[in-house]
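Undergrad: Listed below are the residues making up each chain.
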Amino acid sequence: QKEVEQNSGPLSVPEGAIASLNCTYSDRGSQSFFWYRQYSGKSPELIMFIYSNGDKEDGRFTAQLNKASQYVSLLIRDSQPSDSATYLCAVKIKAAGNKLTFGGGTRVLVKP
Amino acid sequence: NAGVTQTPKFQVLKTGQSMTLQCAQDMNHNSMYWYRQDPGMGLRLIYYSASEGTTDKGEVPNGYNVSRLNKREFSLRLESAAPSQTSVYFCASSEKGVSDTQYFGPGTRLTVL
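The listed protein sequences derive, respectively, from chains A and B.
Position 57 of the first sequence, counted from 1, bears residue number 57 in the numbering used here, the numbering being contiguous throughout.
Position 102 of the second sequence, counted from 1, bears residue number 102 in the numbering used here, the numbering being contiguous throughout.
Source of the hints: derived by calculation from the structure; they are not laboratory data.
Source: prediction; values computed, not measured.
Treat the hints with care, since some could be wrong.
[Said to hold, decoys possible] Here are the simulated distance ranges between beta carbons:
hint	chain 1	residue 1	chain 2	residue 2	range
1	A	N53	B	D56	28 to 34 Å
2	A	G16	B	D38	30 to 36 Å
3	A	N53	B	T111	40 to 46 Å
4	A	P14	B	N1	34 to 40 Å
5	B	R44	A	E15	31 to 37 Å
6	A	S12	B	S80	41 to 47 Å
7	B	Q22	A	P112	36 to 42 Å
8	A	K2	B	R77	24 to 30 Å
9	A	L75	B	D38	25 to 31 Å
Using N, Cα and C, we set each Cβ at its ideal position, and we do this for glycine too.
Make the full structure from the sequences, and use the hints.
TA: Here it is in structure tokens:
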């Protein structure tokens, strides 16, 4: 089992709809969770991080963390074509010395 | 502030050649990292440096060496390049803390023939 798992997609979303991305992780002791966006040919850039159970909102993005079920999700509201990218989930895995472990990423395509 | 810079942006090597990838950050961060990214796979940690003067192996260190030259600079060396090292290499840095957000450089696209 991979330490951090994401559906590779592509997740096709109509413009204006909500994109929902999921990420599961294996280490129950994990503390911090990150979502990065990566455009094709570019470097990852941080969207947001979360470390408490519940929701955290930043503009059109909402991260949701459920430590009991070991998943973290990202919602993108009012999706725009400019949101088309690969979204990487990253988790600080306690068992790995608190190093950041990345999932394989979910490719999102927002269609006008 | 330039953030995290990497040189070169592109490189083509022949099998057995050596090269050094350079990385520098101007954010006064303590920690620096080298990752590789292959198609369909996430970022995999090669080496990291938690602070100046220390380096540690990550998930895929074989075939690589690193040097934390000073607080700003962290280089990655391939002593004898192999086709399996064809990848995109990213350097990142972070300030040690609760969030420990990592900031990435633009990447180096390396092809080994």
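Undergrad: Work down the list of hints and note, for each, if the structure agrees.
TA: Consistency of the hints with the structure:
1. N53(A) - D56(B): 28 to 34 Å: holds (31 Å)
2. G16(A) - D38(B): 30 to 36 Å: Given about 34 Å between the Cβ atoms, the range holds.
3. N53(A) - T111(B): 40 to 46 Å: Given about 44 Å between the Cβ atoms, the range holds.
4. P14(A) - N1(B): 34 to 40 Å: holds (38 Å)
5. R44(B) - E15(A): 31 to 37 Å: holds (34 Å)
6. S12(A) - S80(B): 41 to 47 Å: holds (43 Å)
7. Q22(B) - P112(A): 36 to 42 Å: holds (41 Å)
8. K2(A) - R77(B): 24 to 30 Å: holds (29 Å)
9. L75(A) - D38(B): 25 to 31 Å: holds (28 Å)
Taken one by one, the earlier hints all hold for this structure without exception.
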